[in-house]
Each structure stands twice: as C-alpha cells, then as structure tokens.
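Colleague: For reference, the chains in residue letters:
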Amino acid sequence: MTRSVSVVIPSLDDVDLFERHLPPLLEELGRRGGEDEVVVVDDTGRDVLAQALARWPGVRVVAMRANGGFARAMRAGIEAARHELVFAMNPDVLVRRGFLDPLVACLAEEDVWAVVPRILLQGVEGKIESWAFLREKGGLIELDQPALRGPVDGRALRLGPVTFAVGGACLYRRADFLATGFDPLYEPFYWEDIDWSWAGWRAGKRVLYQPASVVEHQHRGTIGRRVPGEFVRAMVERNRLLFSWKHIDSPALQRRHLAALYRWALDTYLEDRRDDLVWLAFALEELKAALAARQELAPARRKIEEILRLSRPAE
Amino acid sequence: MRICQVVHGFPPVERTGVENYTLGLSRALARAGHRVEVFVPRRDPQLADLALRREEREGFAVNWITNNNNPQSPREALLVPELKRSFAAFLERERPEVVHFQHLIKLGLDLVSVARERGIPTVFTAHDYYPICHRFTLLRPDLARCDVRGDSRACARCDLALGLLNAQPNLGDYQVGVLRDQLDPAAWGKLEGILADRGEEHGLTQAEIEAACEQRGELDRLRREAYTNFDLVLAPSRFLIEELVRGGFARERIEHSPLGFEVADLAGLPPVRPDPARPVRFAFLGGVAKHKGVHVLLEAFARLPGGAELAVWGGSTDRVYVEHVRRRAGEVGAQWRGSYERADLPRILAEVDAVVVPSIWVENFPLVIHEAFAAGRPVLTSRLGALAEIVHDGSDGLLAEPGDVEDLARVLRRCVEEAALLPALARGAPPVKSMATEARELAGRYAELVGTRRVSRDVAGLPPSLATAVGRHDELTRMPSRELFARVLAGLDELRRAWTPELGGIEAVELLARGLGEGSEAQDRLREARNEIAWLRTKKEELDEGREELVTLFEDLDQLLNETRAGSQRQAEHLDAAGSYVRKKEAEVLDAHARIQELEQVIAEKDRYIREVEGHVHEAGRYIRHKEGEYTDVETELRRAAEERRALQDELQATRERTRALEAEAQAAGGYARAKEGEARQLESFAREKEAEALAAGGYARAKEGEARQLESFAREKEAEALAAGETLARREQELGAARERGTVLDLRTRTVADVSRLALQAQERLLNRALRPILTHLHALHGGTAPLELPSESASFGELLQATRDVERALEVLGDELEWLRPMRAELELCRARMERLQAAYSASGLLRLALARTALGRELRAWREEAAP
Numbered sequence: 014m015t016r017s018v019s020v021v022i023p024s025l026d027d028v029d030l031f032e033r034h035l036p037p038l039l040e041e042l043g044r045r046g047g048e049d050e051v052v053v054v055d056d057t058g059r060d061v062l063a064q065a066l067a068r069w070p071g072v073r074v075v076a077m078r079a080n081g082g083f084a085r086a087m088r089a090g091i092e093a094a095r096h097e098l099v100f101a102m103n104p105d106v107l108v109r110r111g112f113l114d115p116l117v118a119c120l121a122e123e124d125v126w127a128v129v130p131r132i133l134l135q136g137v138e139g140k141i142e143s144w145a146f147l148r149e150k151g152g153l154i155e156l157d158q159p160a161l162r163g164p165v166d167g168r169a170l171r172l173g174p175v176t177f178a179v180g181g182a183c184l185y186r187r188a189d190f191l192a193t194g195f196d197p198l199y200e201p202f203y204w205e206d207i208d209w210s211w212a213g214w215r216a217g218k219r220v221l222y223q224p225a226s227v228v229e230h231q232h233r234g235t236i237g238r239r240v241p242g243e244f245v246r247a248m249v250e251r252n253r254l255l256f257s258w259k260h261i262d263s264p265a266l267q268r269r270h271l272a273a274l275y276r277w278a279l280d281t282y283l284e285d286r287r288d289d290l291v292w293l294a295f296a297l298e299e300l301k302a303a304l305a306a307r308q309e310l311a312p313a314r315r316k317i318e319e320i321l322r323l324s325r326p327a328e
Numbered sequence: 014m015r016i017c018q019v020v021h022g023f024p025p026v027e028r029t030g031v032e033n034y035t036l037g038l039s040r041a042l043a044r045a046g047h048r049v050e051v052f053v054p055r056r057d058p059q060l061a062d063l064a065l066r067r068e069e070r071e072g073f074a075v076n077w078i079t080n081n082n083n084p085q086s087p088r089e090a091l092l093v094p095e096l097k098r099s100f101a102a103f104l105e106r107e108r109p110e111v112v113h114f115q116h117l118i119k120l121g122l123d124l125v126s127v128a129r130e131r132g133i134p135t136v137f138t139a140h141d142y143y144p145i146c147h148r149f150t151l152l153r154p155d156l157a158r159c160d161v162r163g164d165s166r167a168c169a170r171c172d173l174a175l176g177l178l179n180a181q182p183n184l185g186d187y188q189v190g191v192l193r194d195q196l197d198p199a200a201w202g203k204l205e206g207i208l209a210d211r212g213e214e215h216g217l218t219q220a221e222i223e224a225a226c227e228q229r230g231e232l233d234r235l236r237r238e239a240y241t242n243f244d245l246v247l248a249p250s251r252f253l254i255e256e257l258v259r260g261g262f263a264r265e266r267i268e269h270s271p272l273g274f275e276v277a278d279l280a281g282l283p284p285v286r287p288d289p290a291r292p293v294r295f296a297f298l299g300g301v302a303k304h305k306g307v308h309v310l311l312e313a314f315a316r317l318p319g320g321a322e323l324a325v326w327g328g329s330t331d332r333v334y335v336e337h338v339r340r341r342a343g344e345v346g347a348q349w350r351g352s353y354e355r356a357d358l359p360r361i362l363a364e365v366d367a368v369v370v371p372s373i374w375v376e377n378f379p380l381v382i383h384e385a386f387a388a389g390r391p392v393l394t395s396r397l398g399a400l401a402e403i404v405h406d407g408s409d410g411l412l413a414e415p416g417d418v419e420d421l422a423r424v425l426r427r428c429v430e431e432a433a434l435l436p437a438l439a440r441g442a443p444p445v446k447s448m449a450t451e452a453r454e455l456a457g458r459y460a461e462l463v464g465t466r467r468v469s470r471d472v473a474g475l476p477p478s479l480a481t482a483v484g485r486h487d488e489l490t491r492m493p494s495r496e497l498f499a500r501v502l503a504g505l506d507e508l509r510r511a512w513t514p515e516l517g518g519i520e521a522v523e524l525l526a527r528g529l530g531e532g533s534e535a536q537d538r539l540r541e542a543r544n545e546i547a548w549l550r551t552k553k554e555e556l557d558e559g560r561e562e563l564v565t566l567f568e569d570l571d572q573l574l575n576e577t578r579a580g581s582q583r584q585a586e587h588l589d590a591a592g593s594y595v596r597k598k599e600a601e602v603l604d605a606h607a608r609i610q611e612l613e614q615v616i617a618e619k620d621r622y623i624r625e626v627e628g629h630v631h632e633a634g635r636y637i638r639h640k641e642g643e644y645t646d647v648e649t650e651l652r653r654a655a656e657e658r659r660a661l662q663d664e665l666q667a668t669r670e671r672t673r674a675l676e677a678e679a680q681a682a683g684g685y686a687r688a689k690e691g692e693a694r695q696l697e698s699f700a701r702e703k704e705a706e707a708l709a710a711g712g713y714a715r716a717k718e719g720e721a722r723q724l725e726s727f728a729r730e731k732e733a734e735a736l737a738a739g740e741t742l743a744r745r746e747q748e749l750g751a752a753r754e755r756g757t758v759l760d761l762r763t764r765t766v767a768d769v770s771r772l773a774l775q776a777q778e779r780l781l782n783r784a785l786r787p788i789l790t791h792l793h794a795l796h797g798g799t800a801p802l803e804l805p806s807e808s809a810s811f812g813e814l815l816q817a818t819r820d821v822e823r824a825l826e827v828l829g830d831e832l833e834w835l836r837p838m839r840a841e842l843e844l845c846r847a848r849m850e851r852l853q854a855a856y857s858a859s860g861l862l863r864l865a866l867a868r869t870a871l872g873r874e875l876r877a878w879r880e881e882a883a884p
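Just so you know, the protein sequences line up as chains Z and X, in that order.
So in the numbering used here the end of the first sequence lands on 328, straight run, no missing numbers.
So in the numbering used here the end of the second sequence lands on 884, straight run, no missing numbers.
Keep in mind that the hints were calculated from the coordinates and are not lab data.
One thing to keep in mind: the hints can contain errors.
Unchecked claim - Here are the simulated distance ranges between beta carbons:
hint	chain 1	residue 1	chain 2	residue 2	range
1	Z	E309	X	D506	54 to 62 Å
2	Z	A93	X	R491	37 to 45 Å
3	Z	A327	X	R491	43 to 51 Å
4	X	A460	Z	E309	51 to 59 Å
5	Z	E92	X	R491	38 to 46 Å
6	Z	P312	X	D506	25 to 33 Å
7	Z	A305	X	A547	51 to 59 Å
8	X	I546	Z	A327	47 to 55 Å
9	X	Y143	Z	G136	57 to 65 Å
10	Z	G136	X	N242	58 to 66 Å
11	X	D506	Z	A192	34 to 42 Å
12	X	I546	Z	E309	50 to 58 Å
13	X	D506	Z	A305	27 to 35 Å
14	Z	E92	X	D506	40 to 48 Å
What the hints assert, rightly or not - To list a few chain X residues with every Cβ distance to chain Z over 10 Å, as calculated:
hint	residue
15	E27
16	K119
17	E255
18	T490
19	E507
20	G528
21	S533
22	Q695
23	L724
What the hints assert, rightly or not - Distance condition first, Cα-Cα at most 20 Å in a straight line; then the derived EDC-like pairs of lysine to aspartate or glutamate:
hint	chain 1	residue 1	chain 2	residue 2
24	X	K97	Z	D285
25	Z	K218	Z	D262
26	Z	K301	X	E507
27	Z	K150	X	E531
28	Z	K218	Z	E318
29	Z	K140	Z	D157
30	X	K597	X	E586
31	X	K97	Z	E318
Note that this is a predicted model, so its numbers are computed, not measured.
Backbone N, C-alpha and C define an ideal beta-carbon position, used for all residues, glycine too.
Sequences and hints are given; from them, build the entire structure.
Modeller: Okay, here's the thing in structure tokens:
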C-alpha cells in the first residue's frame, strides 16, 4: 500500500512560481491516489498566499505571523503536516511524473535518514544538482557537485549515498526533522540542509540519492530575486565556514583547517581579494554561535573523515 | 569617518599653498578622530610607474602613486587612464566614505567618475581658476588679465600664443606668460596679434587656428563635465564663486568656505614698527613668479627716497625671472633672501613691519596674507580679485592698483611717512580661521553628504529575516581592507583559542607558516611580478639608452636650430622657401597618400573580387569533384551494365549453342527416325520372311522369339533415351526458368526449347507410326484384308497408334481362331504391345518431360491420349 506524503513548501510571495509548479505536483499526487497533501507555508508575515492559492482547494496554507526565514517556515510547515513522510520542497521546484514513489520506497529502510531525487538544474538533463558531496581540500571543507561540472558520471544515474539531501527537494520522516530541525546558526539560508543531513550521518544513518525520481530546479529563482548575487555568495561562504567550525572533529583536520584559514586570510589581503576577506569576516562574526552549536552536538557514531568517505559513491 | 583627500602634490615633495593646506587639513581631521587617506601622485624614478606606497603620518596616511610619465598631449594631461585604474583599486581597498579633491592636475579628470561610480560623495575645493581656465590664472601669455569666460576660441588663442613662446629662446618658465621686455618687438607684436585674433596676419593658417579651436573645445568640454560632477564645490572667496558661475557652474552647488590655516606658531610676535626712527621693513614672501608682481614691487621700492628696507623671500622654477629679480633687487637696494621653510616664518615675520603682495593676477586666497594677519602684520596688496575681498583698505592693509608701480610706490611711501599707520593697520588684522575649525566644518559637510547617500542604500523592502544579514554584509563590504584583515585575524585567533583544548597550544604564526608552507597565491604572483619587473627593467634600460641618444640628438638639433636662427635673412628666406617647398611636397605627399588610399581601396575591392571568384572557383571545384564522383559511379554502373550485358550476351551465346545442340538433337532425332524407317523396312522384309516362315511354321516362331528379344532390347534403349531426354528437358526447364527472368531473349529460348521438345515428340510419334505401319500392313495382308485394320494416318497420335495395336490384336485373335499355328505370332504381338505400353509408360513416367509438356498443347494432348489409352 502506498504511504501517504505531506509536501511542505515554505514560500515568500512566489505566486508566479506556484502558478507553474503546483499543477504538475497536484496531478502527480492525484495519480498516486492516496491521501497525500500539500502544505504551503506563507513566510511573508502578511498572509498573502491563502487567497492567491485558494483556487487549489487541496492546498493548505499555513501563514507565519511574521517573516522568520526558511528554516522556521519549514519547521512550521512540518509541524502542520499530517503524514509521517514529508517531502520538503521549494516553490521553484518543478516535479516530474512519478517522482514520489521511488523516494518513498527508499525510506522503507530504517537506516535511511533522507532521500533526495535527481534534481536537474534548470531542467537540463546533464546538470544534476543533488548528486552532491562534501570533501576536504587543503584543510577546507568544500561542496562538490560533480554532475554540475562536466559530463554526467555513470554513478550519478544509480542509487547511492550522498553527503546531503538538498533541502529544496527531499523526502524524510517528520519525526526525525522535528526532533532536531534546522540549526538557526545558518539563518537566513543555505547549508542548513547540509547540516541536517550531516546529523543523520553522525548518528549512523544514511542519506540516499534516488535518480529514478526526477525534479527540476529553477536555481535561485526565489532568493536570487530578493537579494544581490554577492550577498548570496557571501552567505554560502559564511555558512560553509560555520559548518566547518561546528563539525570538524578531528585534531589533524582542525590543524589543517586553521592553517588554511590563516593562509587564506593573508593571501586575500595581499591580493586585494576583498570579497574573500568579507566572507571570512562575515563568518567570524558568528563564530561564537558556531562554537556554541558545536558544544551542543550529541556524541557522534561517526567522525568527519568517516562520513566524508562513506557519503561518496565508490570510485 | 573615512575620508580620502586627493591632491596633486604633498609635502615634503611639494610645498606650495594647496599642498600645505591639504597637509594641515589631513592632520586636523586625524586629530578630530577621522581616518584620512591622502592620494597623491609623485615622480620617483626608483619605482615602477603606478607603484603605490603608503606612508603613515601623524594619524593619517599618505598614499603616493608613482607617475613618471610626461603627458604627450594636452588630452593626456587631462585624462590619465592608468591613474584612474590605480585610484579605483585604491578606493576598493580603502573604502572611504567621502572623497575630497583639492586639485586634479597631474591626476586626471576621470578620477571624479571613479569615485562617483562607487557611490562615494565627492567634494571639491577650488583653489584657483583651473575649472574655468586651463591656464589656472585667468592670465593670457602676455600677462594681461583675461575677461572672457566659456569661449573656447579665445582659450585656443592662448594655446596658439603659447606655441609662439615655445619657439622663443631664453624665456625661462614662460607658461604663466612673458613680460614685454623679454621679447623682441617683432615677436611681441606677433604674440599680441595672435591673442587679438589676428593670427592669420602673423603666419598662422586658418587650418591651424581651427584645429587649435577644435582641440581646446574638446578639452574644455572634458574639464567642464568633470568639474560639474562634484556633489559639493567649495570656494574660499566670493570672487571665485562669481567667476565659477560666470564659467558655467551652478551657483547652488557652490558654497563659500574660507580656508583654515595652521598659524598658532605665528601668534605673539613683536609689534610692528616698534621704533619709528628705524627704516620700515617691507617684505615679499612667496613664489617669485611674474604674476606675483615682484618686479612691480622692486620698481616701486626704487622710487622710495629712503627710510625703508625690502626683503624678498622665496623662489620658483622660473630661473630667468628669479635671476632678474635677484639682480634688480641688488640694483635697487633690496635684499634678496631666497627660499625659506614654513618653520622659519615666525622668525622672518618677527622682523617684518608689512607684507607686500603685489600680484598682477586675480589671486584667490593667498596663504601668505593669512599668515601675515595671524602674525599681526598688515598687508599691502593689489586692488584685484579676492585680494580686495580679504584685505580691507585702511583697516588691516592698503590697496594699490595692480601692476601700477607709481601707485604701489605711493602706498609704500605712506607707510614710511605715516609712522602710526602700520601699527594701526596691524591692530586691525582679522582673526584667521584655524585648521581645527576648518576640519570641524568640513567634517559636518562630509557627514551631510554621506548621510544622504546612506539613506539611499538601506535595506528597506527586504523581509526581516534577510534584512539583518544583508545589512551586516553591506557594512562589511564598506570596510577598508586593512580593517577587515585585522578583524579576520582577531577572529581566527579566537577560533584558535577555542580549539586549543583539542589541538593543544599552537601559535598563530606556526599555523600561518604551515598554511603558507602549502603554497601561497600571493607569493606566486609576487614571484611572477618580480620576474616581470626584472624584464621590464632591462627594457627600460634599453629605452633609457635610446632616450639619452635622443637627448643628445635633440641637443645637436637645438644647436643647429640656434645657428640657423642666428644666420642671415637670406638664409631665413631660403628656409621659408624650403618651408614652402616642403609644404608643397607635403601636399604632394598628401595627394600621393590619397591616391595610394584610392588605389588601396581599388586593390581591396579587387582583392574582395578575387576572393569572391576564388570562392566561386572553390565552389565549382567542389561541384566538379562531386560530379566526378557521380561520373565514377556512373562509369562503374556502366561497367557493371556492360559486364551484365556481356554476361547476357554470353548467356545468349550459350543459349544459342544450346539451341544449336537441341537442333542437333532434333537432327539426331531425324536420323533416328530415318533409322527407324530403315528398321521399318527391315520389319517389312521381316514380315515377308515371316510369311515364308509362317509357311515353314516352326523355324519362323523361333526366329520371332529372337526378334522379340531384339525388340525388347530396343524398347529398353528407347526407355533409356526417353529418360535421358526427360533429364535434358528438366535441365532445359531450369535454364528456362532462370532465363525467363532475364527477359525476352530467354522467353524466345523457352519457346525454342518447347518447340524443339514438341518437334522431338512429334518425331518420336512419327517414328512409332512408321514402326507400326509395316506390322499392320503385314497383318492386314495376313488377315486377307477382312479384318478392320486401318493404317493410322501419318500424323497419328500415340492414342491412335495404341488403338491401332489393339485393332491388330483383335485381328490376330480372329486369325488365331482360324490359324492356330499363328498363335505364337499373337504371343509375339502381345509382347510387342507390351513393349509399346512400356514405352508409353516410360514416357509417362518421365516427370520432367511431362512437366515440360504440361504447358504445351502437346502435353494436354498427351494427357488426353493417356487417359484414353488407359485400360
């Protein structure tokens, strides 16, 4: 029997995106024939979506009293969800037919923490956003999305591990999410999904990539419309560093990381690379919060090096 | 507040009014807690062009940008793209909140746009008339004051006049202009003629004049655009404001703001003229340049009967004029004291009763006047420009008509003769605005501008969840790199300390060393830059050598030119003639160039045509190659068709041969038939013998048995032949089947085979007919003609022939009744019939033959015959 899913979509006033992306989603849920539901979280703080989405009676709108950002909106939506399985989705995601069943099947296994579909950047077949990993390079943790760089690796078309499930389109269990939620350290956006998946890996679970499920992502269609590109990039870099300071738990890597940061700072200063300096300063403003988050981490069943190794497909 | 001061020079490299003012202002702003970065160009042959050196001063920093290039044209002097880029990088790094331009010469006009493009408010203080007069002074090259504003044609005449002075020897620094007695009358007349728009009367062509006007118009436009782009323009004097407005500036963007000075050290000097019995001590202090009117002062001093001293302090780059002043000073009894340092000023002014500022140009806000006032010294100056605005005649100083020796002498004389005058004027000296006040006032103006700009950069309209982070990021992006770096280092140190329990004690420097040990991009680039510099230095040395050679060459040329100038009028005429010849030749060369250009165009067109034709040829070649390919294919097909044709011909030939073979077979069948006729004849003779034997009875029957055996053997042979014929026909049918597909020729062959087969059968039938005929005849004879025996016709079929044998049987039965002795004969006949039937059966059994015959009328007949003949 098909397990029912709550689709949770946190949103600002992205009505135009809903116009494009809701109908195929509702059609797919209808095709599944279960009791799936769609919960849209209105994070504008102005309750503007209920009226705009009224013509889709199957869509439930949860309005935030005040704008609180992506993480809080997601939590509110998941709290309101009726089913145990939650498909978290951004308004700029366009689902393809049959996307949900392969994901649901993956979560049948208890040790699977989350599962992410094949997310095609702008719908381009060869650009897979969700075959995504973290790696260490020269003491710095960096995001690696090989299927955005060049020809698609055959492994990107097979079910396998990924370091994280992209928060804009992934399936997980409601209870797992509510137990922790996104860390506010990363507010207003980016890397909170990586951090949440990382919690799964630390706890001995797995995060899977299911290429049989396909969705399209109109990248930065939401945030990019509201803030300058340089700020978005600064957020990515800031949160990458905060993640590192929260999670690097091996002394050897800590030493390499610190050395890399000192070198980075000096290089960027000497070379007038102001953007990099701004990113470092931007992140360091949140250092205390990152260190506090580090203190609150539960004991890990896996250390960083092991997770980095396990969360990649074999060569 | 982060403030950037931009100025064309700075102490200690340059020490005149604007430079000293900027130094004092920077110091005062720094004391008030502002962060000041001064951006200033300088020459430094030890450094590469555009090298930037930052020097920490008293609370502020001077950023020296090296520029060793000499502009090669007026336009290059106005726009310096290299400096523009350096300034942009400087602003990116330092992130000032406001940029205050003190001057733009040596820097380029486009620095203003660099700041504005980054949204940084810009302030400009006008220290002279450069925004409206490219000569700074509103003085023409003949040192007459210019009263024209915004007319590029008039300004172009100054350019042309200056061009004339370029060619005059021994003028010293003539940029500001020349005195009448520095030129010979002819040259002076020419200078005045050009300035009076009568250049054509003095050797200038209309084209030269127009070109100068066009160039000046363009340069004026550039200057006007840059200077009208400032957010705020400050003018120290009201006179200057009026001039700027006359020159096209919007009055509402200009504010009157007298300059401040660092003059605290000048307070408390001894009183003026303490002893009336002693000579009055006049002094000139400042740049010893023509427009400062030192020569006017010396002549006025020369007219004094006595009771006065004059000291001339200062110097300038105009060595000719300085030498003139020094010499003339000696002649008139004045003291030539030369250059002085600012620090010497209190000591100098302590021994001065009045400061004379005899300028012949419209001074703006001369520093020396304020210094004199600060020291409690009255000022004697020209009734001109802002001077008359600052010095109040009879109150804190005295005014004389500018350039008027007699009037200035009158003023000096008054000071000598009226013992109480100077002390009274000294008491009237106004207070001087301090630099601290100036800094405070300017900081207020800066803050207003920055505040306006900040409001326009807020984050209103963003969701609250984004606004905080966006605002914080924006703040960081506005920080100077140095500050960001310090902040980052402090942050990293905090992280290092936080991780100490896990890492153990590890110093930042060790971490940095470890990091750099992994490789540094900055180091890599430094290495690359060092290599490039070494290479460039080599090239520069080569260039320097070349330059030295050129200098020598130019010196030689100068010498030659001077010699030529010193030559006779005839030589000059020759030169003129040579000049016109050269111009003629130049015109010819221009014509030739034009012709060459025409020809080049023609050639270019031809080239284009040739390229087109080549293109066509290329296309045609490709088409031909394509067609050749097709032709080859066709040839191949033709060859294959010819081969097929040959194969068909061969087949035809083979078929013909087979036809001939069949014909031969037919002929053989004919021979066979003839043989059978022979046999028939033998049978006839045999029948006759049998008649005799019938008479003889017994012997005859034995003989017949032998014959019957012969007939049996014969029938077997015929059977074998029939089988062979059947096989032959089967082969023919296969061949026919194959041949039929090939067309008409093979059909013909098929028909031929069928015909031949039919003929062969007919031949067989005829053969059998003929074989039976003698037997029947013989039987008929034996029967006495009573039996119903009829000879079959010549064309009887197998059926008819069979019927005939049955008739014979019946006749023999009749005969048997009558002639029992003839029974053996009947037995033979039965045998004979049996053989016939076997023969017929052999034909029937021949499937191949039957198949061949099935399609023919003969076949149908044969089937009918067989059915008919069947028992």
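Colleague: It remains to establish, for every hint, whether it holds in the given structure.
Modeller: Hint check results:
1. E309/Z to D506/X: 54 to 62 Å: 23 Å, violated
2. A93/Z to R491/X: 37 to 45 Å: About 41 Å separates the Cβ atoms of A93/Z and R491/X, which means 37 to 45 Å holds.
3. A327/Z to R491/X: 43 to 51 Å: Check passed, 48 Å falls within 43 to 51 Å.
4. A460/X to E309/Z: 51 to 59 Å: Since A460/X and E309/Z have Cβ atoms about 44 Å apart, the given range 51 to 59 Å is violated.
5. E92/Z to R491/X: 38 to 46 Å: 40 Å, holds
6. P312/Z to D506/X: 25 to 33 Å: At roughly 29 Å between Cβ atoms, D506/X and P312/Z fall inside 25 to 33 Å, so the hint holds.
7. A305/Z to A547/X: 51 to 59 Å: 52 Å, holds
8. I546/X to A327/Z: 47 to 55 Å: Holds, at about 50 Å.
9. Y143/X to G136/Z: 57 to 65 Å: 60 Å, holds
10. G136/Z to N242/X: 58 to 66 Å: Violated, at about 47 Å.
11. D506/X to A192/Z: 34 to 42 Å: 36 Å, holds
12. I546/X to E309/Z: 50 to 58 Å: About 53 Å separates the Cβ atoms of I546/X and E309/Z, which means 50 to 58 Å holds.
13. D506/X to A305/Z: 27 to 35 Å: 18 Å, violated
14. E92/Z to D506/X: 40 to 48 Å: 41 Å, holds
15. E27: Its Cβ never comes within 10 Å of chain Z, the nearest being 28 Å, so this holds.
16. K119: Holds, since 24 Å exceeds 10 Å.
17. E255: 44 Å, holds
18. T490: 6 Å, violated
19. E507: 6 Å, violated
20. G528: 3 Å, violated
21. S533: Violated, since 6 Å does not exceed 10 Å.
22. Q695: 97 Å, holds
23. L724: Holds: least Cβ distance 91 Å, greater than 10 Å.
24. K97/X to D285/Z: 17 Å, holds
25. K218/Z to D262/Z: The hint holds at about 18 Å.
26. K301/Z to E507/X: Holds, at roughly 9 Å.
27. K150/Z to E531/X: Measuring from Cα to Cα gives roughly 11 Å; hence the hint holds.
28. K218/Z to E318/Z: OK: K218/Z and E318/Z at ~15 Å, within 20 Å.
29. K140/Z to D157/Z: 13 Å, holds
30. K597/X to E586/X: Holds, at roughly 16 Å.
31. K97/X to E318/Z: At roughly 49 Å apart (the allowed maximum being 20 Å), E318/Z and K97/X break the hint.
In summary, the numbered hints that this structure violates are 1, 4, 10, 13, 18, 19, 20, 21 and 31.
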